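Protein chains in written order, with the numbering used here: chain S, 1 to 307; chain V, 1 to 829.
Incorrect hints may have been included.
Below, a sample of chain S positions facing chain V; criterion: calculated Cβ distance under 8 Å [stated by the list, open to error]: (1) Gly26; (2) Gln132; (3) Ser133.
Label-pair restraints from in silico Cβ distances [what the hints assert, rightly or not]: (4) S:Ala39 x V:Gly754: 44 to 50 Å; (5) S:Ala39 x V:Ile753: 36 to 42 Å; (6) V:Ile753 x S:Gln199: 51 to 57 Å; (7) S:Gly254 x V:Ile403: 51 to 57 Å; (8) S:Gly254 x V:Gly754: 20 to 26 Å; (9) S:Asp239 x V:Leu421: 38 to 44 Å; (10) S:Gly96 x V:Ala526: 35 to 41 Å; (11) V:Asn622 x S:Gly83: 24 to 30 Å; (12) S:Ala251 x V:Ile403: 51 to 57 Å; (13) S:Val304 x V:Thr429: 55 to 61 Å; (14) S:Ala39 x V:Glu624: 33 to 39 Å; (15) V:Glu417 x S:Cys95: 27 to 33 Å; (16) V:Leu421 x S:Ala223: 28 to 34 Å.
No wet-lab data here; the hints were simulated from the structure. Owing to the predicted nature of the structure, the values given are computational and were not obtained by experimental measurement. Think of the CB as a built atom: it goes at the ideal place given N, C-alpha and C, for glycine as much as any other residue.
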Amino acid sequence: MNKKGQEAPSGVVFDIQHFSLHDGPGIRSTVFFKGCPLACRWCGNPESQNPRPQLMYFTHLCAACGSCVQACPKQAMFFPPEGGVRFDPSLCVACGACVPGCLRGARSISGRRQEVREIVGEVRQHWRVFQQSGGGVTISGGEPLAQKDFLLALLTELHDEAGLHTCLDTCAKAPWPVLERMLPHLDLVLLDIKHTDAQKHREWTGSGNAGILKNAQKLAESALDVLVRVPLIPGFNDDDAELYEIARFLAQTGLKNVEIMPYHTLGLGKCRALGQNHPFASNAKPRVPEAVDILKDAGIEVEVHRR
Amino acid sequence: MYRTDATPSVQRKSASKSGRVGFLDDLGRILPEIQRERCDAAAKRAKEFLLNAPQKIDTERLTYLLEAYREFDYEPPIVLRARLFDRLLQSKRLYIDDNPIVGTVTGHPAGVYVYPEWDSEWILKEMNQAMMSHLGKIDISKEEKQLMLEAARFFKERSALAKARRLSRQLHDWDPRPLLEAGLFTEGANFTKGAGNVDYETFLNKGLAAIIEETEARLHALKVTSENVGKIDFYRAVLITLRAVIALAHRYADLAEETAAATSDPIRKAELLEIAKVCRHVPEHPPRNFREAVQAWWFLHLGIQIEQGGCGSSPGRIGQYLSRYHLIDKAEGKSSEDALGWLKCLFVKILEFGYYQGITYSKLLSGHTGHTINVGGLDARGEDATTELDYLILDTQIELRNIQPTITVLYHDKLKEDFLLKAIDLERTGLGQPQWMNNNVIIERLLARHAKNGITLEDARNCINMSCVGTGVAGKTAFVSENMTFNLAKCFELALNDGIDPLTKKVVGARTGNPEEFADFDALYAAYDAQVRHLFEKIRPYGSIASKALGDTVPGAFRSALYGGCLERGKTESSGGADYYLYFVISTAGVDAANSLMAVKHLVFDTKRLSMRQLLDALAANFEGQEEIRLLCLAAPKHGNGIPEVDALVRRVYDDALTIFHSIDEGFYGEHKANIEAYSLTIHNYFGLLTGTLPTGRKKERPLTDASVSAQPGTDTQGPLALIASAAQALDTVKYGSNHFNMKFHPSAIQGIGGARKLLALIKEYMDLGGSHIQFNIVSSETLREAKETPEEYRDLTVRVAGFSAYFTRLHEGVQDELIARTELAFSR
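Required output: the full structure, derived from the provided sequences and hints.
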């Protein structure tokens, strides 16, 4: 509670990384918000989708010592008849009781409610590095706009009060006024464009794209720097036809800077740790050179994201 | 076999307008573009040869050693040693290979001398074991073994080490062996050491003939008084050695002429005649161009190496003091490419050095030869001192990727952008070079360290990094050790064992009592401090004795002459002649001691998760059957994570070591006080073999933590910024002689111009926080493979992947494989 008797602004964050090199200019701190309105099949951060804290259990580090079974108040961890230990995510309330006892680091809680001032205090320790490298703070996720009041309060503190370079990494799935409120407190938007076809978009992300494309148009008309990021997913959007559509859309809207994010399978282990099946796994390589050529032909500046 | 004959050369027979021969200029010198090709080819061949050739002990030195000691036994040691030097330089086998910079230490390629005058014990003991230098296994024949044994027997009682041991028994009734065997320290009298960084600049620029003249004048001006007898002998010895080096150069000139006469290849003939001309001129007279300067430098350095080859003879700011010769060449129309050719020839010469002084030596240094070249830095006026030649030195190393010489950037805020970016290009090679030293910290350190030695601001600005991470004033700082190293992790181990070494079962420490009776953490800490004090009380006086024994036995006239101050004072380095002293002992395993203390505090005293008995039992069992306790130990708070309590404890451990060290009144070099260096070479490995199980989770005989402020491998989990903040504050970088910090990076972190800027920002942050040394390991796929096999050791290894970062060990197996493959790709660019 602050002095006016209101709740201090807070939200659920699943990670803060203090040496982010590829999410905007310079060396950055990236704050990862938890919770996302989309559920992209290829999602690299599956723990970011659920807005609540979750237990992650990395079975390959587990020696089945059973300390978690002892610690769990909900019997979400148990000894199955075939040996080892087993995790039932449906019973888990992410209380974290099992984490400290796990000496092999096989268990962790993803997501913690944090106050704005706590986060601001943490990232401002690195002001010299931001200044030296032309870096700042990136808010990523999940989808930051899904925690709009928290996001606004955090951006206001970082951008207006601390004078830091701020960047929002967003899928733009939110009403325009919500996004618009953030703009005065931002220096850069990393905007995901995944597909131009509403049906295909819905099929692969669980949601249509009409609002997203409209928001993209409006962002393009704003004075803000926008870098479009296209996750290049084999079989989803890396065919010539769709690449031409994306290029056409971007050229029309005047969004001239694109970073291609090639599909990777690094989310698989995290899915398993969440006790989920990964909805999409492909061994195919995304058609990066073709995408680069098509976008470049449309007069767009293209870079390929470095992993 | 190494080719020593002429290279089949590029034939350029088209005669020019003036009618001169096609490959020669009007002055009869080989055309620069042809010479450049020959330099490149020679450097390449030499490097290939060194990668494949075993090093060989050259026992020729031993023949002349025994001869000289028998023949000149009427001379005082300083003169006897000078006569040995002279005999060797006048008589040793010479050869010329296709490197146009001539001169080698020994009579065959990749040869290694042995020095039984320092210690012959190892020869007698280890004669039949495998010997390894940094270039691989050392070959030795039966006859050579015989000669080695003869020399070793001759010096059994005469060596510096034997004398130190005897004097220690007589004066202090103390035998260092139990402490040595327990891995508490290593001593200083038994190895030859490099000469730090001598004043090449003055000797090159004046020429040895002029120095000889000055020295003759000094000698003849001296009245024969009891006070002057030492000076008289010193100058006599110096004159012998200076003339010997000129004689050596002339012998090479003779050999080049003889070889030329027997050579039919016209280019090779011309090249040999030019070599002869150069060697007739330098180092006797001042060089007239860059090539002569490089050759003159090499002869001076060869003198240092032959007199006493050992780790830590650093060229220092060679790109700055040779700059004037590079400028002469440029004024004559030569290009930077020409200079590059000569630098390559020099770099492969330096790569060829190898030292071998027994198994202990080998384990401590792993063959490191400490030829550190400094680039950047400030000049005496406090302005950026970087020269074009400094850039070319970086280019040379980017091309050659030599492990020696190593490159240090003397880092400050006035360095130019393009220079820094070139230095990052060198990092990208994955060589782990350059290392970055904080120039401002070094200046502050030298002003503080030498406050009582009358240091000037100009001298402090003219600082260098010599040996590994040691620092001093260029050309004026003698590089001498009190003892070599000590082991703080062992001190901690003794605190848990009442001063009894669990390995040798001998009492080697203070009797600090049964740890089960320690009431609190303060009691444990006091026991640890008592062990450190006990160690220093024993080894510091022994260090003074060792220094005396070295001065009595192996005073070096040549290296002393080259140190600023010795000729003026008429004294050797070992009798206090040099302007400044880096009089050092190297601290190891401070981080292991601090992490151990922290783990016991956390597990036994704070959380009471374990009883002291449980912990002691687990340690005694080397965690066998006690895996849970080992994991608890590993999970206890560790250095490198920005945890205030741990940071404070690490600093306390280092501060206390220094305070205790200085509270003991040893003053072998008077106001030139001994000080602690903090770095590791591979000492952490050597001491690791002798250190028992630690409550850090480290099993016995495993390596201790590398460097001096790095995190224990696998225990820094909070990212690079937390790590550098912890590292920068871990010890007082001004009061300590050094700090030493290794950092791992995935290659993707430094890709492109953006990556370069980010690494530079990180370096600056570390320097701004007061760190004095940092070097980078760009993580190899090898490491990633190991991380996959033993994830508990690599918990800190983060990999940046599209859209998110991950701890490598938490990734799915297939993904790990993908990343391993990708790293290989990144390196093959």
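Comparing the hints with the structure gives:
A least Cβ separation of about 7 Å between glycine 26 of chain S and chain V falls short of the 8 Å threshold, and the interface hint therefore holds. Of the supplied interface hints, the one on glutamine 132 of chain S holds, with its beta-carbon coming within about 4 Å of a beta-carbon of chain V, less than 8 Å. Evaluation of the serine 133 of chain S hint against chain V yields a held restraint, the C-beta minimum of about 4 Å falling below 8 Å. Our hint of 44 to 50 Å for alanine 39 of chain S and glycine 754 of chain V is violated, since their Cβ atoms are close to 32 Å apart.
About 37 Å separates the C-beta atoms of alanine 39 of chain S and isoleucine 753 of chain V, a value consistent with the hinted range of 36 to 42 Å. Checked against the given bound of 51 to 57 Å, the beta carbons of isoleucine 753 of chain V and glutamine 199 of chain S, roughly 42 Å apart, lie outside it. For glycine 254 of chain S and isoleucine 403 of chain V, the Cβ-Cβ distance of about 53 Å falls inside the hinted range of 51 to 57 Å, so the restraint holds. Range check, glycine 254 of chain S to glycine 754 of chain V: Cβ separation about 25 Å, and the 20 to 26 Å hint holds.
Aspartate 239 of chain S and leucine 421 of chain V have their C-beta atoms about 40 Å apart, which keeps the hinted 38 to 44 Å range intact. A beta carbon spacing of about 38 Å between glycine 96 of chain S and alanine 526 of chain V agrees with the range 35 to 41 Å that was offered as a hint. About 28 Å separates the C-beta atoms of asparagine 622 of chain V and glycine 83 of chain S, a value consistent with the hinted range of 24 to 30 Å. Our hint of 51 to 57 Å for alanine 251 of chain S and isoleucine 403 of chain V holds, since their Cβ atoms are close to 52 Å apart.
For the hinted restraint 55 to 61 Å between valine 304 of chain S and threonine 429 of chain V, the CB-CB distance of approximately 24 Å leaves it violated. A hinted range of 33 to 39 Å is violated for the C-beta pair alanine 39 of chain S and glutamate 624 of chain V, which are about 48 Å apart. Remark: the range hint 27 to 33 Å for glutamate 417 of chain V to cysteine 95 of chain S is contradicted by a beta-carbon distance near 52 Å. Look at leucine 421 of chain V against alanine 223 of chain S: about 33 Å separates their beta carbons, and that is inside 28 to 34 Å.
Violated hints for the displayed structure, listed by number in ascending order: 4, 6, 13, 14 and 15.
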